[in-house]
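Mind docking chains U and V with the ligands on chain A? Use the hints.
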Amino acid sequence: MKLVTAIIRPEKTDEIRQALENYGVQGMTISQASGYGRQRGHTQVYRGAEYTVDLLPKVRLEVLVEESTCDDILDVLISTANTGSAGDGKIWVTNVEEVIRVRTGERGMAAV
Amino acid sequence: MKLVTAIIRPEKTDEIRQALENYGVQGMTISQASGYGRQRGHTQVYRGAEYTVDLLPKVRLEVLVEESTCDDILDVLISTANTGSAGDGKIWVTNVEEVIRVRTGERGMAAV
Amino acid sequence: MKLVTAIIRPEKTDEIRQALENYGVQGMTISQASGYGRQRGHTQVYRGAEYTVDLLPKVRLEVLVEESTCDDILDVLISTANTGSAGDGKIWVTNVEEVIRVRTGERGMAAV
Ligand SMILES: Nc1ncnc2c1ncn2[C@@H]1O[C@H](COP(=O)(O)OP(=O)(O)OP(=O)(O)O)[C@@H](O)[C@H]1O
Ligand SMILES: Nc1ncnc2c1ncn2[C@@H]1O[C@H](COP(=O)(O)OP(=O)(O)OP(=O)(O)O)[C@@H](O)[C@H]1O
Ligand SMILES: Nc1ncnc2c1ncn2[C@@H]1O[C@H](COP(=O)(O)OP(=O)(O)OP(=O)(O)O)[C@@H](O)[C@H]1O
Ligand SMILES: [Mg+2]
Ligand SMILES: [Mg+2]
Ligand SMILES: [Mg+2]
Chain A
1 MKLVTAIIRP EKTDEIRQAL ENYGVQGMTI SQASGYGRQR GHTQVYRGAE YTVDLLPKVR
61 LEVLVEESTC DDILDVLIST ANTGSAGDGK IWVTNVEEVI RVRTGERGMA AV
Chain U
1 MKLVTAIIRP EKTDEIRQAL ENYGVQGMTI SQASGYGRQR GHTQVYRGAE YTVDLLPKVR
61 LEVLVEESTC DDILDVLIST ANTGSAGDGK IWVTNVEEVI RVRTGERGMA AV
Chain V
1 MKLVTAIIRP EKTDEIRQAL ENYGVQGMTI SQASGYGRQR GHTQVYRGAE YTVDLLPKVR
61 LEVLVEESTC DDILDVLIST ANTGSAGDGK IWVTNVEEVI RVRTGERGMA AV
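Protein chains in written order, with full-length UniProt numbering: chain A, 1 to 112; chain U, 1 to 112; chain V, 1 to 112.
The following block holds chain A by itself, in its conformation from the complex (with noise of 0.2 Å):
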C-alpha cells in the first residue's frame, strides 16, 4: 500500500477531488497547510506594491492507494494539477505498512 500526499493549488481542490474519483479512488483526506518552493524571497508586485512571496495556501491532500494503481493516480493527478504555471505543487509517495477499516477492521487492500 502506498499513501500519495499531494501539495495543491486550493482552487484546484474540486477538480483534482472528481478526476480521481473519475478513476475509481475511493476516498481521501483534505487539510489546510501553507508553503512555498523554489520560488521564495521572490518579489512581485500586487495593486502597485511590490511584496515578497511568503507562505501560500495549500491544499494537502492524501490518498491511500494500492501500489498496483499508484503510478495511474500519479498521472491523474500531475495532469489535473498542472496549469503551467509556478506553484503547480508537489507529490510525494510513501510506503504503508498497514491500513485498517475502523468499523470493519479490515486490513490491507481490503481496506482501503
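Note that these hints are calculated values from the structure, not bench results.
In this text, all values refer to a predicted model and were calculated from it rather than measured experimentally.
Don't take each hint at face value.
As the list makes no split between identical chains, a pair holds if one copy fits it or if it spans any two.
[Unchecked claim] Listed below are the simulated SDA-like cross-link pairs for lysine to any residue, each with C-alpha atoms no more than 20 Å apart in a straight line: (1) Lys12 to Thr104; (2) Lys2 to Glu98; (3) Lys2 to Arg38; (4) Lys2 to Val96; (5) Lys12 to Gly105; (6) Lys12 to Arg101; (7) Lys12 to Val76.
Below, chains U and V with the ligands without anything else, positioned relative to chain A:
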C-alpha cells in the same frame, strides 16, 4: 519506530486520547482534516432535502510508537474509534527512520 | 529522498524557516496542529488558577530533503527549535519513494 496515523470522528477525540493515555502513550499530534470514504456521492436526506455526502470534518491523530507496542496501540484505537456506523475512520502505519526529542537531543526509542 | 516532519513551537516558525533557507532548503509545507508530549496531565498555574496542561498549539513543518543533506538539516532544525524548556518539539524522518514537481513533471532529486 512507527508512525500511526488515524483519521477519526472529531467527537471521538477525547475518548480516544484518554484510552491511548491509559495504555501508556506519552504524546500525540492532532490536526483538523476533512475527507470521505466509500460513501462518496451517496445521497442523504437532511431536514427534508436530499444532498450529496461531501467532505466530512475529521480529526487526524498521529502517534509515534515503538514497534513492540504498535499492535496493542492499534487495538486500543480500533476498539475506541469504532461505533459500527459508516465513517468510523481509517488508520495507517508507516515506518519512521529517526525520531528526535528537540530539548534533549535524544534519538530513537528514548525520544518518543 | 526523505521527509523531515517537525512539530515545533509556533513562535519559532519564522526563525526556523529562515535558518532552513540560509542552509539552502528551497521549499517547505506548514500546517497548524496541536499536541502534547510527556508533560500530559502536568498541572500549571496560570493567572492564579491551577489547570491541566492540555493540547498546546503547534506548527507542523514538512521538508522534503535529499538524503545527503538530511543530517545537516536535522542539525539546523534542532539547534534553532531548542529553547531548553519542555515542549521544544519532536522531529521524525520517513523515507520517500517518489517526489514529483507538478509543473515540470520532474521526478526524484530534480523535483525537490
Ligand atoms: N522541499 C519541499 N518540502 C516540502 N514541501 C514542499 C517543498 N517544496 C515545495 N513544497 C510544497 O509544495 C507547494 C508547491 O510548491 P511549488 O509548486 O511552488 O514547487 P516548486 O518546486 O517551486 O515548483 P514551481 O517552480 O512550479 O513553482 C509549496 O507551497 C509547499 O507547500
Ligand atoms: N483511500 C483513502 N485515502 C486517504 N484517506 C482516506 C481514504 N479512505 C478514507 N479516508 C479517510 O478516512 C476517513 C474515514 O473514512 P471512512 O471511515 O468513511 O472509510 P470507509 O472505507 O468509507 O469505511 P465505512 O464504510 O465504515 O465508512 C475519511 O473521511 C477520509 O478522511
Ligand atoms: N509520541 C508522539 N507522537 C506524536 N507526536 C508527538 C509525540 N510526542 C510529542 N509529540 C508532538 O510533539 C510536540 C512537542 O512535544 P514535546 O516537545 O513536549 O515532547 P516531549 O517528549 O514531552 O519533550 P519535552 O520534555 O522537552 O517537553 C507535541 O505537542 C506533539 O504535537
Ligand atoms: Mg514554486
Ligand atoms: Mg465511509
Ligand atoms: Mg513535552
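Hint check results:
| no. | hint | verdict |
| --- | --- | --- |
| 1 | Lys12 to Thr104 | between (33 Å within a copy, 17 Å between copies) |
| 2 | Lys2 to Glu98 | both (10 Å within a copy, 11 Å between copies) |
| 3 | Lys2 to Arg38 | between (27 Å within a copy, 18 Å between copies) |
| 4 | Lys2 to Val96 | both (5 Å within a copy, 10 Å between copies) |
| 5 | Lys12 to Gly105 | between (33 Å within a copy, 17 Å between copies) |
| 6 | Lys12 to Arg101 | between (28 Å within a copy, 16 Å between copies) |
| 7 | Lys12 to Val76 | within (13 Å within a copy, 34 Å between copies) |
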